[in-house]
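**Q** Here's the letter readout for the chains.
Number of protein chains: 2
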Amino acid sequence: MFINVKFAPSMVGSDHDLKQSSVVVIDTLRATSTIIAALMAGAREVIAAATIEEAVAISHRLGTERTLLGGERGGLRIKGFHLGNSPGEYTPEVVHGKTIVLTTSNGSGALLKARQAAQTLCGALLNASAVARHLAAGGTREVLLLCSGSGGNVSLEDSIAAGAILAELLAVQDSESVTISDGARIALWLFNECRNDLHAALRASEHGKVLTELGFAHDLDYCAQLDIPNAPVPAFAGSSIKVQQSGPTGPTAARFV
Amino acid sequence: MFINVKFAPSMVGSDHDLKQSSVVVIDTLRATSTIIAALMAGAREVIAAATIEEAVAISHRLGTERTLLGGERGGLRIKGFHLGNSPGEYTPEVVHGKTIVLTTSNGSGALLKARQAAQTLCGALLNASAVARHLAAGGTREVLLLCSGSGGNVSLEDSIAAGAILAELLAVQDSESVTISDGARIALWLFNECRNDLHAALRASEHGKVLTELGFAHDLDYCAQLDIPNAPVPAFAGSSIKVQQSGPTGPTAARFV
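Line order of the protein sequences matches chains H and L. Counting from 6, one number per residue, gives the positions in the first sequence under my numbering. Counting from 6, one number per residue, gives the positions in the second sequence under my numbering.
Don't read these hints as lab results, they were simulated from the structure. Some hints here could point you the wrong way.
Repeated chains share a single entry, so a pair holds when one copy, or any two copies, can fit it.
[To be verified] Keeping only pairs whose Cα atoms sit at most 30 Å apart, straight-line, the calculated BS3-like set for lysine-lysine is:
1. LYS84 x LYS24
2. LYS247 x LYS24
3. LYS24 x LYS118
4. LYS24 x LYS214
As the structure is a computational prediction, the values presented were derived from the model and not from experiment.
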């Protein structure tokens with residue numbers, strides 16, 4: 006198995022990079038954490054949309070009674086949308102059985118870019134080990150951990166989450182059979198540096214500071230949790246994201262702190 | 006001063022990113038280390054060319070008697086070129102007074118992309134502190150440390166060199182006046198992790214392994230040196246790269262180990 010980490014979607018040069026790979030899209034603060042929370046709370050599926058207009062159009066096409074519009078611009082809920090990008094909003098009472106159409110500043114674009122891959126999963130600290138075990142069990146030969154970053158820049162929290170997935174992948178694989186890139190080495194080292202206080206690392210990150218200022222400190226507390234019980238592995242199934250690996254839904258959503 | 010690190014040229018989104026910034030292009034193995042060595046050995050200037058054909062055309066335009074063609078593809082000297090991309094080839098006997106037309110796999114492209122910046126410097130471990138002091142003395146408000154990476158991926162050695170420049174920048178600035186991005190934070194942590202044995206870090210890097218297999222282990226020894234005496238700060242002056250900060254030329258080239 007060859008494991009690579011790219012720190013921003015712009016580093017994916019061509020579809021060729023993707024078609025050979027299992028890609029894990031990571032947007033720890035907050036899109037992939039929100040997708041995990043939504044699916045754990047019983048949402049039927051999540052559809053990523055690049056723009057606000059596209060999200061609204063998808064919702065109308067599928068039927069507004071079965072869809073909820075979610076997402077953010079500048080960290081804040083989009084005007085007219087049902088939900089923002091806080092995992093804690095995605096409770097069973099609100100999302101159970103619904104299709105979530107989600108558009109966010111960074112994560113949605115990364116997800117849509119990665120959809121060309123042989124397999125596209127959603128990763129975060131919340132489900133790091135579950136993602137790693139899924140990849141290991143699938144016998145994947147090439148893994149790309151694709152960080153969404155922020156506005157084209159590296160983000161600390163995505164790099165740490167990439168390292169968390171990698172640490173578990175190395176733990177469950179025969180180390181002789183694994184080769185890692187320089188990017189993967191950096192992510193792994195970073196995770197090991199921060200693993201004893203992931204909350205502090207997220208609070209120190211650029212986007213963590215912005216979210217705290219906007220009043221979303223509770224989202225950092227939630228998203229900094231490593232390996233919540235029964236964490237799902239969300240994956241693209243056709244055009245939407247569904248739970249790849251089953252786990253109980255509902256109760257765990259109450260773990261939101 | 007705001008300091009950002011981008012780990013690959015593809016992460017530079019637009020000219021706007023550059024026009025406000027002092028950009029330091031880093032290709033530790035080996036283009037910017039070679040440029041430093043060439044200028045220390047008394048080369049008149051270095052001209053970066055994107056392709057082999059462009060390099061040959063520039064050499065013909067300027068006059069083949071005053072130019073030397075240098076560079077690599079796949080790590081090896083290009084057929085018909087005078088010089089490869091090993092700093093040790095660029096001795097005073099060979100390059101003094103000459104214009105070097107250089108085309109390499111990653112560094113040349115990064116240099117040409119960064120040429121739009123307010124100021125474009127060449128950095129490596131060899132001149133990390135000299136670059137930092139030059140930036141601090143110039144009162145630059147925005148600094149972008151732009152890693153060339155390798156084939157669109159992160160490279161360990163460039164990330165470490167970015168951290169080395171950053172460590173010195175933070176040492177000579179009033180820390181209250183400096184803000185660093187998540188990418189810069191990662192580079193700084195990485196440098197502090199590796200600074201006690203930079204040779205080992207370069208040998209462990211993906212490109213370091215390739216160069217060692219190709220017989221260029223001595224280049225790693227040279228390029229792993231932090232802050233060689235009288236290291237120049239190469240900078241774009243018009244279309245070519247010249248020494249920005251004077252230092253003795255000639256003798257120091259003998260430091261090649």
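**Q** A separate judgement is required for each hint: does it hold in the structure or not?
**A** Hint check:
no., hint, verdict
1, LYS84 x LYS24, "neither (36 Å within a copy, 34 Å between copies)"
2, LYS247 x LYS24, "within (20 Å within a copy, 43 Å between copies)"
3, LYS24 x LYS118, "both (11 Å within a copy, 28 Å between copies)"
4, LYS24 x LYS214, "between (36 Å within a copy, 27 Å between copies)"
Going down the numbered hints, you'll see the structure goes against just number 1.
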